[in-house]
Amino acid sequence: MNPFQPTPEEQRWMAVGSRVKAAAGGAWLTERVGPWKTVTTRMRCILFVLGAVAAALTTSICSLLHMPAYMLCAGMMLIALAEWLVMARHFFNAGVEEALELAGLVLMVIWTADLTGYLHETAYALLAAAALMLAGARFLNPLFTTLAVLALAFAIESAFSLTLAGAFCFAAGIVALTCGAVPLRRPAHEQMLNFLVIAMPLAGYAWGADGPAGNAAGVHGLPVCMLPVYGATALALGVQRRRHPPIVAFLVCVGCLAYELRNLTGLTLQVRLIAWGSAALALAAAIDRYLRTPRRGITSLKLAEDDESAGLLQLVGAASLTPPVAQGAGSGFKGGGGTGGGGGASGTY
Amino acid sequence: MLSLESEYRELYTAGVIDDAAAVRTIAAERGTIFSVSEELRVSIYGSVAAITAGIGIYLKANLHRIGSLSLIIVLAVAAAACYLPAIRTWLRHATRSTVRDYLLLLGALIFSADLGYAESQFHWLGSHWSLYLLLLCCAHAVTAYVLDSRLVLSVSLASLAAWFGIEGNVLELLQKGNPLPLYGMRALVCAGAIFAWREVHRRLGAVRQFQETFEHFAVNLGFCGAIALGLGSDTRLTGVAYLVALAVVTIRHGLRNARELFVIYGVAYTALGFLCLEGQVIKGSLSAAVAGLLTIIGAVMVTWHLHRRMKGSEP
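Those sequence lines, one after another, are chains E and G. When you line the first sequence up against our numbering, it's residues 1 to 349, in that order. When you line the second sequence up against our numbering, it's residues 1 to 315, in that order.
It should be emphasised that the hints constitute simulated quantities derived from the structure, not laboratory data. As the structure is a computational prediction, the values presented were derived from the model and not from experiment. Note that beta-carbon positions come from the ideal geometry of N, C-alpha and C, so glycine has one too. It is possible that some hints are incorrect.
If you want a taste of the chain E side facing chain G, the calculated C-beta under 7 Å gives, among others [unchecked claim]:
#1 T7
#2 E10
#3 R44
#4 I46
#5 T265
#6 L267
#7 G277
#8 T299
One-sided excerpt, in silico: chain G residues whose CB lies under 7 Å from chain E [stated by the list, open to error]:
#9 L4
#10 G31
#11 F34
#12 S35
#13 S37
#14 G116
#15 L151
#16 L180
#17 P181
#18 A268
#19 V300
#20 V302
#21 H305
Please build the complete structure, drawing on both the sequences and the hints.
This is the structure:
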């Protein structure tokens with residue numbers, strides 16, 4: 001057993017355990033997972049948020065107590081606590097220890113920057129990237145490694161140009177797409193690549209579209225060149241490898257490209273939304289219909305029941321699309337404060 | 001590329017998973033069967049959101065240019081066209097596809113916009129204009145029950161919440177001068193109404209998924225209401241009492257039915273409520289920060305304990 005982090009075998013069994021929900025083989029699986037204690041993704045998210053709030057409050061307490069070098073003190077305390085949770089209590093991907101360690105490292109980066117007096121933002125970004133990469137490698141956390149690459153892109157932007165930072169993001173995404181073909185032992189390594197595959201075209205677009213526009217319609221060269229290439233490659237690889245993240249990356253590229261080319265047609269916003277929305281709906285309906293009979297194993301049918309989170313997301317999505325309340329003009333009610341009679345609804349079209 | 005096929009084979013050999021589960025998981029690992037239903041669902045949702053937003057902007061921009069009646073008729077026809085595929089599927093007693101599900105949702109949303117627009121133009125309900133929200137809630141509820149659609153049910157519940165004066169704009173709510181306790185009371189009453197509806201639904205033995213939809217809406221509204229009530233100086237104690245009572249009920253429900261989300265609601269909302277309360281009540285930044293830290297440590301410990309308990313009680 002490695003006290004530092006789970007071995008690849010232990011982590012593989014943890015991944016299997018989370019997928020089969022340890023239904024029948026609880027004890028059998030526990031033996032293979034070793035002493036490591038993990039939680040579901042939902043719990044991990046909530047514990048991460050709680051850990052982050054705890055870290056912020058610890059820092060404010062240290063500050064309010066006027067501790068000398070309070071950021072360093074708070075940072076060291078948080079890192080020590082996170083390491084204790086891992087080494088002594090065997091927490092892994094439980095959220096709280098990840099938040100504490102990340103906050104500790106960030107505080108130490110800020111303290112180092114304060115110590116040196118003035119730190120150029122490139123150096124600042126490089127330090128942050130190093131801290132995030134360290135935390136990502138320590139906890140095998142894909143979010144941290146992705147943030148590290150983004151911090152690196154920020155360093156490139158501040159040292160060189162926006163376009164170069166955008167190109168770097170696209171290049172990082174392509175490297176991640178390529179590495180996806182390599183056989184991997186750890187599930188976390190695949191997740192790290194998946195995060196990069198999806199986030200990098202979005203970041204590349206954000207940086208690329210921030211630069212000077214190439215023409216009057218406000219179209220930028222780098223995104224318009226890279227998004228179709230990246231999207232098409234991702235779609236082809238996703239279908240070939242039967243993996244979801246590259247297909248999601250394709251959808252991201254389509255969205256970004258549609259936004260980038262929004263001014264080319266000269267149509268009004270509402271017409272564009274209705275026309276393109278209808279076109280996308282028709283295309284999705286056609287694909288859904290075509291794939292209802294599996295084609296080379298690919299199908300539009302659901303293979304498993306939705307879990308509760310997915311169901312909840314759908315409901316929230318549907319409720320959030322509900323049109324705003326239309327108040328009858330001249331009806332005598334005060335809008336905005338909900339002071340009307342009846343249900344007290346308020347608002348205007 | 002990662003493959004967990006060898007682990008699944010071992011699970012099968014050890015008898016932990018049955019034949020069907022083994023075939024399904026190994027096929028998924030090898031990619032011999034691959035579902036793109038989630039990607040399609042996201043695309044369809046994006047399309048529906050774009051169309052709804054487009055219609056909303058169009059209505060706002062052309063209020064005075066287009067004849068009210070013709071616009072209302074066009075929207076009604078569009079809504080009916082969206083309802084049609086779902087009605088046809090229902091008449092054939094077949095299972096509705098994801099596309100038809102979302103088309104039905106689009107129809108319901110267009111119908112909502114249409115009725116709202118009609119009311120704002122013709123004032124059919126006069127000073128009781130907000131009743132159109134209740135009418136919408138009933139119409140969507142009937143559609144949801146007849147066509148068995150959770151998505152339309154959630155639109156119905158959103159209309160009900162709007163009738164009670166609860167809309168999703170939290171930033172607007174937190175603006176100075178907005179009566180938070182009043183909002184809290186409305187949210188609690190609305191949560192109570194949804195819970196009562198859920199009870200009737202349960203006693204009638206209707207669709208199980210609808211029950212979950214009611215529960216999610218009622219719990220979230222209830223907690224928001226209790227926190228808002230707790231932020232008012234006169235209603236603080238009532239708010240705390242509601243918050244604690246709701247937390248106990250929600251966590252017990254989550255533990256009893258192995259529904260982790262409800263345990264999370266119970267802990268997260270209570271921690272948030274107490275943090276807000278401590279920020280208001282405790283004088284002195286240091287004391288408030290220490291109290292906040294203790295609250296968070298408590299929340300982490302309770303979450304961890306409840307998680308272990310749920311894991312231990314898994315079948």
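Each hint tested on the structure:
1. T7: violated, 14 Å
2. E10: violated, 11 Å
3. R44: Because about 10 Å separates R44(E) from the closest Cβ in chain G, which is outside the 7 Å limit, the hint is violated.
4. I46: Interface hint status for I46(E): holds (5 Å vs cutoff 7 Å).
5. T265: Violated, about 14 Å.
6. L267: Given a least distance of 11 Å, the restraint on L267(E) is violated.
7. G277: Hint on G277(E): holds, closest Cβ of chain G at ~3 Å, below 7 Å.
8. T299: At 5 Å from the nearest chain G Cβ, T299(E) passes the 7 Å test, so the hint holds.
9. L4: holds, 6 Å
10. G31: holds, 3 Å
11. F34: holds, 4 Å
12. S35: Cβ of S35(G) sits 5 Å from chain E, so the hint holds.
13. S37: With a minimum Cβ separation of about 5 Å from chain E (threshold 7 Å), the hint on S37(G) holds.
14. G116: With a minimum Cβ separation of about 3 Å from chain E (threshold 7 Å), the hint on G116(G) holds.
15. L151: Because about 4 Å separates L151(G) from the closest Cβ in chain E, which is inside the 7 Å limit, the hint holds.
16. L180: violated, 12 Å
17. P181: Since the shortest Cβ distance to chain E is 13 Å, the answer is violated.
18. A268: A268(G) check passes; min Cβ-Cβ to chain E is 6 Å, inside 7 Å.
19. V300: Since chain E brings a Cβ to about 5 Å from V300(G), closer than 7 Å, the hint holds.
20. V302: At about 10 Å, which exceeds the 7 Å cut-off, the nearest Cβ of chain E leaves the hint on V302(G) violated.
21. H305: With a minimum Cβ separation of about 12 Å from chain E (threshold 7 Å), the hint on H305(G) is violated.
Violated hints, listed in ascending order, are 1, 2, 3, 5, 6, 16, 17, 20, 21; each of the other numbered hints is respected by the structure.
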